[in-house]
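2 protein chains.
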Amino acid sequence: MAKPRVTLKQVAASAGVSYQTVSKVINKQIQVSKETEERIWETVHKLGYRTNYTARSLRSQRSHTLGYSWLPAAPDQANPILDQFLQSMFQAAEQRGYYLLSFPYHTSRTDHLAAYTELIDTGRVDGFVLSSVEYDDPRARLLLEKNFPFVGFGRSNPELNFPWIDIDGGHGIQLAVEHLLEQGHQRIAALAWPTSSRVGNNRMTGYEKALQHAGIIPHPAWIQRGEGCFAFGYQATLKLLDLPREIRPTAVVALNDTMAIGSIWAAKERGLIVGRDLAITGFDDTPMIQYMDPPLTSVRQPTWQVGQQIIALLLDYIEQGQLSQPNEILIEPSLIVRGSSTGQKLKII
Amino acid sequence: MAKPRVTLKQVAASAGVSYQTVSKVINKQIQVSKETEERIWETVHKLGYRTNYTARSLRSQRSHTLGYSWLPAAPDQANPILDQFLQSMFQAAEQRGYYLLSFPYHTSRTDHLAAYTELIDTGRVDGFVLSSVEYDDPRARLLLEKNFPFVGFGRSNPELNFPWIDIDGGHGIQLAVEHLLEQGHQRIAALAWPTSSRVGNNRMTGYEKALQHAGIIPHPAWIQRGEGCFAFGYQATLKLLDLPREIRPTAVVALNDTMAIGSIWAAKERGLIVGRDLAITGFDDTPMIQYMDPPLTSVRQPTWQVGQQIIALLLDYIEQGQLSQPNEILIEPSLIVRGSSTGQKLKII
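In order, the protein sequence lines correspond to chains H and V.
Here the first sequence stands for residues 1 to 349, numbered as in my numbering.
Here the second sequence stands for residues 1 to 349, numbered as in my numbering.
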C-alpha cells in the first residue's frame with residue numbers, strides 16, 4: 001500500500017485506449033464493446049488502480065450507501081428473519097451500486113435519534129430503512145422533518161405519511177384461524193400483545209374477521225394480552241385451560257412463535273396432546289420450530305421479497321427524488337401447516 | 001434538502017467562536033470546554049450544517065468503514081450468533097468512529113473475490129472481518145496478497161499468517177464429553193463433519209482429548225461423519241442405536257445443534273427417553289433450543305466478546321499499521337447443561 005498511486009493515464013496506456021474511454025467505462029457513463037470493457041477492467045485490477053470513490057461521491061453529493069439499524073433480539077431469542085432480510089437487501093442494493101451501512105440500535109431515545117442525525121449530517125448515507133415501525137415513531141418524525149429519504153418496514157399512524165412496505169399480519173392470522181376452523185375448532189383463543197402494539201393490532205384484525213365470517217362471537221376470556229414471551233404464552237394457556245368446559249378453547253392462535261411454544265409446554269404439562277387436544281399456531285416461522293415436538297404451525301413472511309421491494313422503493317425515492325405509486329405496499333404472508341395444529345407426526349426424509 | 005448548504009463560517013458566527021475552533025472541534029482535533037463543545041454541536045444541528053464527510057475522508061485517505069460479508073443460513077435454519085455478533089461489532093466500531101458496511105456473500109468464487117476487490121479499489125473500506133474461515137481460504141489469500149487489513153473470525157492453515165480470533169471449539173466439545181463422563185457415560189459417540197472441515201477438526205480434538213483423559217478408546221463406529229444437517233443427525237443416530245449392545249453408545253456429542261436435534265428425533269422414534277436412555281449434546285446454543293423437548297444441552301460461544309475483540313484488533317491493525325501482540329486469540333466457550341443430557345425437566349419460571 002506504500003506504492004505510488006496508479007493513475008488513470010497509466011491504465012489507459014496499458015489497455016491501449018484513451019483516457020476518456022477508461023474514465024467513462026469506470027464511471028459507467030458509456031457502453032463500449034464487451035472486449036474493450038473487459039480489457040479495461042483487467043488492466044484496472046492488474047495495475048491496482050483505485051477509482052477514487054470519495055472524490056466521485058464528493059462530486060455526485062451521494063454516498064451510494066443506505067443506513068439500517070434494528071432492534072436486537074435477546075441473546076437466547078431468535079430474530080426470525082434477520083439473516084434473510086439483510087441478505088436480500090444487500091443483493092438488491094448491490095445490483096444498483098449501493099451498499100448497506102449498519103449502526104447500533106441505541107435504546108436511549110436521544111442517542112438513538114442522534115445516530116440518525118449524525119449519519120445525515122456527515123453525508124454518509126443517502127437514505128434509511130426503518131424496521132419495527134410503531135405508532136408515533138420518533139425516527140419517522142425526525143426523518144420527515146429533515147425531508148430525508150426513508151422507507152419503513154411497517155406502518156405508523158396514518159398521518160405520518162411516508163412510504164412503507166408491510167406484511168399483512170391481519171391476513172396471516174386470518175389464515176391461521178380459518179385453518180383451525182377447518183379442523184373443526186369453534187372455541188379459538190388468541191395470545192396477543194397489549195393494545196399499544198401497532199403490529200399486534202394489525203394482526204388481531206384477522207382474528208376478529210375470521211371468527212366473524214364463521215359467525216362466532218369470541219368470548220372475552222379468549223383474548224389474553226401480555227408481553228410476547230415464552231412465560232406469558234405458558235401462563236396464559238394455563239388460564240385458558242382452567243376456563244369452564246363450555247367456553248374452554250380447543251385451539252390457540254399466538255401472535256408470535258415464542259408465545260406459541262410457551263403454549264405447547266403448558267398443554268403438555270396438563271397432559272394434553274398438542275395438535276389433537278389443543279391445536280396451537282404461531283407467527284414468524286422462526287428457524288428451528290420445524291423441529292419442535294410437535295413441529296409448530298406458523299405464519300411465514302416472504303422475507304426475501306420484502307427486502308427486494310424495500311430497497312427498490314428506497315432507491316427510486318433517492319434517485320428520482322419522488323416515488324412512483326404505490327408507496328404503501330402490503331405483502332401477504334402464508335401459513336405453514338405442521339403437527340401443532342393437525343396432530344400429524346414430523347415427516348423425516 | 002434544496003436549501004443552500006450551511007457553511008462552517010455561519011456555524012462559527014452563530015456559536016460565537018472562531019472558524020478554527022469549530023473546525024477543530026468537529027474534526028476532534030482539540031478539546032475545548034464542555035460548554036463550548038456542546039454549544040458548537042447544538043449550533044451544528046440547529047443550522048443543519050453537514051460536516052463534509054467525503055471531503056474529510058479524501059484528505060485522510062480513510063473511509064472509517066469496515067467491510068463484512070457472511071455465508072447466509074438456509075431460510076429455515078438459524079444463524080445462531082448473527083444478531084449478537086453484528087450488534088457487538090457495530091457498537092465496538094461506533095465507539096471508535098467507524099461503521100460496518102455489509103455486502104452480499106456471492107457463492108461463485110470469482111464474484112465473491114471481486115466484491116472484496118471492488119471495495120478495496122474504490123477505497124470504500126479500511127479493513128475486513130472474515131467469518132467461516134476455512135483451510136486455504138481464498139479471501140485470506142487475496143487480502144494477504146493485497147496487504148489489506150483484515151481479521152479472521154476463525155483460523156486457516158498455519159502458513160496463512162493473519163490475525164484471528166477463534167472460539168476454542170475443541171475445548172467446548174471437551175466440556176461436553178467431560179459432562180457426559182460425569183453423568184456416568186462410557187460409550188460416547190460423535191456426530192461430526194467430514195475431515196475437510198477445519199472447524200470440525202478443531203472441535204473433534206476435544207472429543208479425543210476428553211476420552212483419552214478418561215482412558216477410553218473410542219470405537220471407530222462411534223464417529224459418524226456427514227453434512228451437519230438434521231437428516232444426517234437423525235440417520236446417523238439410528239445407525240448408532242443399531243450397534244451391538246456392548247458397543248452401543250449411551251451418549252451422543254454433536255458438533256452442532258441441528259445434528260443434535262436430528263439425534264433427539266431418532267432416539268424418540270426408537271422409544272427412548274432422551275437424557276435418560278440416550279444423552280445428547282449440541283454446539284452453538286442456537287436460540288429456541290431451550291424450548292425443545294427436552295431442552296438441548298449445548299456449547300455457547302461468547303459472541304459479544306468475540307465481536308468486541310475482533311473490531312479492537314482490526315482497528316489497531318488499521319490505525320497503527322501493525323498489531324500489538326497477541327494477534328491469535330482463542331476464546332473459551334461454555335457448556336449450558338439442559339435436559340437432553342441429564343433427563344431433567346424444563347423449569348418454567
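Where hints are given, some of them may not hold.
Which copy is meant is left open, because identical chains are indistinguishable; a pair holds if it fits in one copy or across any two.
[What the hints assert, rightly or not] As a list, the in silico DSS-like pairs of lysine-lysine whose alpha-carbon atoms are at most 30 Å apart:
no.	residue 1	residue 2
1	K209	K34
2	K209	K146
3	K347	K24
4	K24	K209
5	K347	K9
6	K268	K345
7	K146	K345
8	K24	K9
9	K146	K34
10	K24	K146
11	K9	K146
12	K46	K34
13	K9	K268
14	K34	K268
15	K268	K46
16	K347	K34
17	K46	K146
18	K34	K239
19	K239	K345
20	K34	K9
21	K46	K24
22	K24	K268
If you're looking for bench data, these hints aren't it; they were derived computationally from the structure.
Just so it is clear, the structure is predicted and the values come from calculations on it, not from any experiment.
Evaluation of the provided hints:
For the homomeric pair K209 and K34, neither the shortest alpha-carbon distance inside one copy (57 Å) nor that between copies (57 Å) is at most 30 Å. Taking the shortest Cα distances, K209 and K146 never come within 30 Å of each other, neither inside one copy (39 Å) nor across copies (61 Å). In this assembly of identical chains, K347 and K24 lie within 30 Å of each other by CA distance neither inside one copy nor across copies; the values are 57 Å within and 66 Å between. Taking CA atoms no more than 30 Å apart as the test, K24 paired with K209 passes in neither setting, with 58 Å inside one copy and 61 Å between copies.
For the identical chains of this complex, K347 and K9 are neighbours neither inside a copy (64 Å) nor across copies (71 Å), given an alpha-carbon limit of 30 Å. Within a single copy, K268 and K345 get their C-alpha atoms as close as 16 Å, and across copies as close as 12 Å, so both meet the 30 Å cut-off. In this homomeric assembly, K146 and K345 never come within 30 Å of each other (Cα to Cα): the closest approach is 54 Å inside a single copy and 54 Å across copies. In this assembly of identical chains, the alpha carbons of K24 and K9 lie at most 30 Å apart only when taken from the same copy (13 Å versus 36 Å across copies).
Taking the shortest Cα distances, K146 and K34 sit within 30 Å of each other only across copies (27 Å), while inside one copy they are farther apart (43 Å). In this assembly of identical chains, the alpha carbons of K24 and K146 lie at most 30 Å apart only when taken from different copies (26 Å versus 34 Å within one copy). Taking the closest pair of Cα atoms, K9 and K146 come within 30 Å of each other only across two copies (22 Å); inside a single copy the shortest separation is 42 Å, beyond that limit. When the C-alpha separation of K46 and K34 is checked against a cutoff of 30 Å, the pair qualifies only within one copy, where the shortest distance is 18 Å, while the shortest distance between copies is 51 Å.
In this assembly of identical chains, the alpha carbons of K9 and K268 never lie at most 30 Å apart, being 74 Å within a copy and 70 Å across copies at closest. Proximity of K34 and K268 under a CA criterion of 30 Å is satisfied in neither setting, with 65 Å inside one chain copy and 60 Å between copies. Within a single copy, K268 and K46 get their C-alpha atoms no closer than 65 Å, and across copies no closer than 59 Å, so neither meets the 30 Å cut-off. In the homo-oligomer, the alpha carbons of K347 and K34 never lie at most 30 Å apart, since the shortest distance is 51 Å inside one protomer and 65 Å across protomers.
Taking the closest pair of Cα atoms, K46 and K146 come within 30 Å of each other only across two copies (11 Å); inside a single copy the shortest separation is 44 Å, beyond that limit. Taking CA atoms no more than 30 Å apart as the test, K34 paired with K239 passes in neither setting, with 69 Å inside one copy and 55 Å between copies. Within a single copy, K239 and K345 get their C-alpha atoms as close as 27 Å, and across copies as close as 21 Å, so both meet the 30 Å cut-off. Proximity of K34 to K9 under the C-alpha cut-off of 30 Å is restricted to the intra-copy arrangement: shortest distance 21 Å within a copy versus 49 Å between copies.
Within a single copy, K46 and K24 get their C-alpha atoms as close as 19 Å, which meets the 30 Å cut-off; across copies the closest is 40 Å, which misses it. Taking the shortest Cα distances, K24 and K268 never come within 30 Å of each other, neither inside one copy (68 Å) nor across copies (65 Å).
Of the hints listed earlier, those the structure fails to meet are numbers 1, 2, 3, 4, 5, 7, 13, 14, 15, 16, 18, 22, in rising order.
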